[in-house]
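**Student:** Those protein sequences? They're chains A and B, same order as listed.
Our numbering puts the first residue of the first sequence at 70, with every later residue one more than the last.
Our numbering puts the first residue of the second sequence at 11, with every later residue one more than the last.
Treat the hints as calculated values from the structure; they're not laboratory data.
All C-beta atoms in this analysis are idealised placements derived from N, C-alpha and C, irrespective of residue type, glycine included.
Treat the hints loosely; a few may be bogus.
Some, not all, of what chain A presents toward chain B, calculated at C-beta under 7 Å [as the list claims (entries may be wrong)]:
1. ARG87
2. ILE95
3. GLU98
4. GLY102
Simulated restraints, written as ranges between beta carbons of each label pair [stated by the list, open to error]:
5. PRO123/A - THR220/B: 41 to 51 Å
6. THR182/A - GLU16/B: 52 to 62 Å
7. ARG189/A - ARG228/B: 28 to 38 Å
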Amino acid sequence: MRLVHDLLDIQILDARRRRAGKVDDILLEIRAGRPPRVAAIEIGALTLARRLHPWLGSLAARWAQRAGPAAPHAVRIPWTAVRRIERRQIHLRIQATATPLWSLEGWLAKLYTHIPGSGR
Amino acid sequence: MKKILEIGLGVVTGIGGFLEAGSLATAAQAGAEFGYQLLWAIALGTLCVIVLVEMSGRLAAVSHHTVVDAVRERFGIHAFMVPLITVLLVSLITLGAELGGVCMALQLATGIAFQRWAVPVVVVAWGLLWRGSFGLIEQGVSLLGLVTVSFLVAAIRQHPSAPAVAALVPRLPDHEPARYGFLAVSILGASLTPYVFYFYSSGAIEDRWTRGHLWINRVVATMGMGFGGLLSAAVLVLAALVFHPRGVRVDSYAQIGRLMTEALGDWGFPLFVLSLGIACFGAALEISLTIAYMIAQGFGWNWGENVKPRDAARFSAVYTLALVLATALVVIGVDPLRLTNISMALTAVTLPVAALPFLVLMNDRHYLGPHVNGRLANVVVVLVVVLAAIVAVVALPLQLMGG
């Protein structure tokens, strides 16, 4: 597999096929005497900001310290949580709702329960 | 049988959804100021939008990727941010123009100033997005949009003469070359607004298209957009026959309102108001959704108009926010026609940024296998898009300086 071509920036689906972000970065593990391997994928606005520009990354990091559901985050999903890659999509074994990937989504969804029609 | 129904619905959607503030206003202005002379721009724009829409449907049917998904994946985040931000900004201004168009139609119908209609209009639009399914929005609005066929009826009743057909060949203007160029690119911008093909590819994914839809896609794109373009041409022909001989320059929507009164009598004005209102309202819904599609697909969030708002929470938040921002443009009282002209010219300038990465993608066998673009499609898109951008860069400053 070519990491940048086939893994970076592809869609992630969780165990229930919810869209749970894109592969914003890849973490490699360097092993003595053996080829490096993918340890984890990283997802989130913080990761993305860092990848776009270091300056943007540090700006986002400073904002992230002020907590809140809208704060940018960087979530690491270990490679062991990946079930398979199919049609350029990563399928996870885990549910995104159980991870910080869903913090803003969950917060908004809770907010929506006060608005009629949110569950149609 | 089911496929025939699907085609019928698709074509109707294309026709009913084609006209919006941009195509209507630019065609009316072109006809009023230059007679039939700019008909070629509508023909060229329609040809190019047929090709682009067919491409985006083919990409979705074969690769199960929307245009946005595929562009981010193929070009990486840096290259993706450029079209994303550009198209987002232009789409927001266009959304303001469409909402302004709806408010203008309401002003023409009631006499109450357009700014006051902004909030009620946006509340209704948001309510439909919040509660409605993709099918309801796409097909419901397009069926109502068939009222715009009245432009074609009116144009035929005016008995356009033979020179109209001759104007399908591009030629240089006999006066005001800067204004002519500006209107030509505005027409191209109006036909080729990127939201159309981004929306179409998202719709193909929402409707779960497969390779079996490829020929449906071809028919729907060609006939839907083709007949849609005919409506734009009808507006231009009407303006050429009604406004041009009298030397009327179109500076407001109220003036365009008289477009059909000569041909349709008492029905002319109400039909115009209805057409303007519905066409712009439909476009406003589609653009709001497209803005949400782009951001959600770009960052991999759950999206879909067939999903409950609480299950695509960030997606719903984006269209809500987009509607609020665009409404602000109307509330502060920016003239809707002016907003329309600005947004169409901006669309033309930014076209290469949106269309060229997409074109590269359509030649990538990783995504399309044997269904990559033919040479003709590539040539048409590159030619029209680059031409529009160059003319826009030249004509825009001239137009602004000339007032």
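**Student:** Under the constraints set out in the numbered hints, which ones does this structure not fulfil?
**Tutor:** 2, 3, 4, 6
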